[in-house]
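Undergrad: Chains as they are written, first to last, in my numbering: chain A, 425 to 1080; chain B, 425 to 1080.
Hint data in this document are derived by calculation from the structure and do not stem from the laboratory.
Treat the hints loosely; a few may be bogus.
Copies of the same chain are indistinguishable here, so a pair counts whether it falls within one copy or spans any two.
[Unchecked claim] In silico DSS-like links for lysine-lysine, alpha-carbon gap of 27 Å or less: (1) Lys-972 x Lys-1013; (2) Lys-489 x Lys-444; (3) Lys-805 x Lys-972.
Spelled out, the chains give:
There are 2 protein chains.
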Amino acid sequence: MVGDGEAETGPLATSWHSNKFLNPARDGAVLPILHLNGYKIANPTVLARLPQEELESLFVGYGYKPYFVEGSDPETMHLLMAETLDAITAEIKAIQQEARSHGYQQRRQWPMIILRSPKGWTGPQEVDGKQMEGSWRSHQVPLAEMASNPEHIQLLEDWMKSYHPETLFDQNGKLIPELAELAPKGDRRMGANPHANGGLLLKDLELPDFREYAVEVTAPGTAIAESTRVLGQFLRDVMQQNQENRNFRVMSPDENNSNRLNSVLEVTNRVSTAEILATDDHIDPEGRVMEVLSEHMCQGWLEGYLLTGRHGFFSCYEAFIHIVDSMFNQHAKWLESCIDIPWRRSIASLNYLLTSHVWRQDHNGFSHQDPGFLDVVTNKKAKVVRVYLPPDANTLLSVADHCLRSRQYVNVIVAGKQPELQWLDMDAAIKHCTTGLGIWEWASNDKGSEPDVVMACAGDVPTLETLAAVDFLRCHLPEIKIRVVNVVDLMTLQPRSEHPHGLSDVDFDSIFTTDKPIIFAFHGYPWLIHRLTYRRTNHSNLHVRGYKEEGTTTTPFDMVVINDLDRFHLANDAIDRLPKFRNSGAYVKQLIRDKWVEHRQYIVTVGKDLPEVEDWKWGYYNHSAPKTPSSVSANSQDKPSSPSVEGAEGSARSDA
Amino acid sequence: MVGDGEAETGPLATSWHSNKFLNPARDGAVLPILHLNGYKIANPTVLARLPQEELESLFVGYGYKPYFVEGSDPETMHLLMAETLDAITAEIKAIQQEARSHGYQQRRQWPMIILRSPKGWTGPQEVDGKQMEGSWRSHQVPLAEMASNPEHIQLLEDWMKSYHPETLFDQNGKLIPELAELAPKGDRRMGANPHANGGLLLKDLELPDFREYAVEVTAPGTAIAESTRVLGQFLRDVMQQNQENRNFRVMSPDENNSNRLNSVLEVTNRVSTAEILATDDHIDPEGRVMEVLSEHMCQGWLEGYLLTGRHGFFSCYEAFIHIVDSMFNQHAKWLESCIDIPWRRSIASLNYLLTSHVWRQDHNGFSHQDPGFLDVVTNKKAKVVRVYLPPDANTLLSVADHCLRSRQYVNVIVAGKQPELQWLDMDAAIKHCTTGLGIWEWASNDKGSEPDVVMACAGDVPTLETLAAVDFLRCHLPEIKIRVVNVVDLMTLQPRSEHPHGLSDVDFDSIFTTDKPIIFAFHGYPWLIHRLTYRRTNHSNLHVRGYKEEGTTTTPFDMVVINDLDRFHLANDAIDRLPKFRNSGAYVKQLIRDKWVEHRQYIVTVGKDLPEVEDWKWGYYNHSAPKTPSSVSANSQDKPSSPSVEGAEGSARSDA
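Chain A extracted, bound-state conformation:
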């Protein structure tokens, strides 16, 4: 049932085209009833004021065969509606029958109903001398001042009596049996229909072992991979293994391949029941990848799919997921509300992959840069939202597996699609993701002593810049003691009292210290980190860098430079907060200023990033400045179980 008010909204206006994605051979049917009662709160509706020919033309244009049910006499209307429904049911069955017997051949005009009836139908005709039925006045409260206006009381009584309750209820006020008998039984009752309580129908996904898709990482920060492309291979097999159960779909606003999830198309196609041409790529009426250039439709389809007991995965350019902020809000509120309803069974989580993110919009630029969906998401109740920022492919696999198994959440995963350095092998990735945040020992050199500074990071590009900053600092100020902390699960930063994933204060203080400076490189707007951590002991020493709405079409490294998130800014921030390097640090700060100038000149002249930036791998600086004693090897030898940093240096060497 679509009201003619809500039919004016954009998301609804485009969603009529969903019939080009519905395959009668395998999918259910939708019977849209556009209810033209003519008015919103205060205005007539747009569709109700179209001439009949235009209205019919519009819905024919949307691909439907409209049936008009119009009038105001209840008896006549009930009969007309019943006849129409009978005719339409037969027509839908014929469409399905044809497709199911002979295979899907071509898109048919699906029937729909345009129901035109008076607003406030069968309510009071007139109140206080003003037209009520058939006018916008019946939108909310037709009769007010019931305590003080006896005329209104009389109108109410007349109105109620007009339904002849004496013919509907017995003397005890109970519905008479012959009417009660008319209601459907059991699961056919609207409220008991299992599709309205999708958790009843939910089957666990058959998931392949995500560890089998691991990127080999023999040493951190040497191998390169496109993290979302690796995820695509996992999703391909998730799709494959659940084809038979027909309960997994992937949604995207025309970005499945742009987001590097191409592999999924090896086992299924994009769905379309519209005309398909020979030049089209991986499109057929049987596909389970749903692509349309409308984030609203993707979101709406996915919500419906989850609410009826299935599973899905929605990949989207990060900046444009804001398009569905309001729909996300309502879904999250629905989830929040359901937790306390005992008969409602949990449904699968709504999983977002946000990629093509703020830091790598190479040719798109400023309009495509907005990491603020996380701020919207974290406004909703902790019990229904989760945010993950896996820094590489193996952590992304681990997180995605977790999200696909979860229930009743909105999971937001932010991960890059560009080729990028890989940090953790699969064992380390699983441990790291399970904890949600942790010290990266192989990158730290404070073990057994006090750190001078904690360098923290969340997100793939901030992780890269932080590690490069650490490498740089340890090369140029070898006596510095640095602890590197990476955060995958953003909710660990909050106090446990605020979020179930929150780290205890004891653990937080142990990891972030209670008195050392923390330089935090964050993927999103920096204040989100302050907002999550302001109650933590060491908050006053926390210094966050992130996106501060500086952007243009430029090189990847320049993007971090103009937002003060680059390795040199992070190194500079650390030196500024360490009194013991006040004097010795001056030369390094001078070097950093030179680097910025060098960078600017190079990108303007050459049009790409400095070789020092493009070629950087873990250990680059400590290798390339052999005169400076490096403490890396010594430290890594303490922990034979972690990936070898020696190897990292070796690789950096052969690459330089």
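With chain A's structure known, arrange chain B on it following the hints.
TA: Showing chain B alone in chain A's frame:
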């Protein structure tokens, strides 16, 4: 020009109906060209794959007369396009001529063009054996690897030469004069058209003196008014005074009256060029109030209106403004980008009034509660965003006047529409709004000494609860010294280095102290206040209450109780942070716990709020508990210029 990819988006799908709001007698014309080149990044487009009859039917249904320009031979297509444009121009002129000569009579079918041409038209036919022209492959980079693939170089050369540059440029590479001559001159050039640089056309609004609409406030917290209704009277006269200049419109998603801006309809109507019935209320083709149930359309209309040099005002339910988050983002980014372009003239600010807000959703409930648009807005650059939370009608008037005069900002005003207590007379309101935040001396009793606690507030309901808490505390703990601070301009909280409205640290420390507890009652999600103030000296003593996503359909006071923002929670929070009341406060804390129980029982039994809550006015507790010495009067006598608190007590008495 509408691409067939973007035509799939919801906002665009509904915006075709804008023709029902366009009056050819006074407005300009729009000639939409739907460009079907058939493909998006990777997929065919929905509209390009409709059968011709459906496509035509769709646009006839949208109210247009579609002209098809289809083909792939450039010569033929150029001629066809030119002929079509000639025909259409004549048709548009005829429509305008008719309406301008005889007055607007009825909606005509406006012409539009459906241009069907190959994607990558006149580009390479085939690259690496794959079809390029006429396929999705030509969406981005038709020829890559230019440095390493000589075959691609050859293709590029062939492609470029196919345009016969030797016939277009002379030997010096200059465009030949007969072609250069074809370009329009002066303002007729697309880039020099003043409508594309709307600031050139912008005229200041004629504004009435907002002080003339002042609500009389003889004593704070006694008079009742609906703040947005008062604003409506001001907007009515803004509309009136600029009718002749025809450069002011009001937009709303069917909520102008619901948001209590009814007075505007005394001087103009809602615009509609669709069918109008006798029962319709204040609707005609000449109206300047634009209402449609689509926040997207309101936003789009307003952006276009501002960008072409006019002024506007957009009122919206607070929770649903999230629908346009993404559009707001792009407009803000556009404003940011324009600041550095010297030839771009400033345009009028985009003014939002968010009302029907989170705290008063009496019969709507949880789905209508979301104050998070402020979090989205404050992510954008400080130089283009402003946020105001006027606590009453006079401050709202002062803020609205300021916003309507401003340029190149997005102004967000949050204000309630329900009857509520009024605090400041007009003189005090102007001073308060000009500073942006300030101590309310009449409510404070710490003058001449140190406060024990700072009670701060931003937003109308939080201000009410804070003042009631102060009244309650001063009644039950008369020796307590409280400073009341109200914040209208949220940006004053930020450091001056972050926002031009930011208070200097010296002033901030002076007002909020450097060491006293601050209880901050905030309209929105509480962490926004932390995010804005985390660098301030006294941040560690800041305790913020706000909306924490607890909501349902309940009484107004219960809404603040379930979010811990009510007067009793605020009082309790203060006592908890004041060691000197650790013992004496126990009885008050006991009383508070009793109040919560009393409240819960009362609303469940009676269905409305406690008389103590409904009847509360400033001084209620200090009056109703005469045995407790009150320090209110003594304090107020220090400041004869501020509104009399004696009067407030007097009124409360007569009301009790």
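Undergrad: My question is about Lys-972 and Lys-1013: at a cut-off of 27 Å on alpha-carbon distance, are they close within one copy, between copies, both, or neither?
TA: Answer is within; shortest intra-copy Cα gap is 23 Å, inter-copy 44 Å.
Undergrad: How would you label the pair Lys-805, Lys-972 (within, between, both, or neither) given a Cα cut-off of 27 Å?
TA: Classified as both; 26 Å inside a copy, 8 Å across copies.
Undergrad: Is the C-alpha distance from Lys-489 to Lys-444 at most 27 Å within one copy, between copies, in both cases, or in neither?
TA: Classified as both: same-chain Cα gap 14 Å, cross-chain 24 Å, threshold 27 Å.
When held up to the earlier numbered hints, the structure conflicts with none and fits them all.
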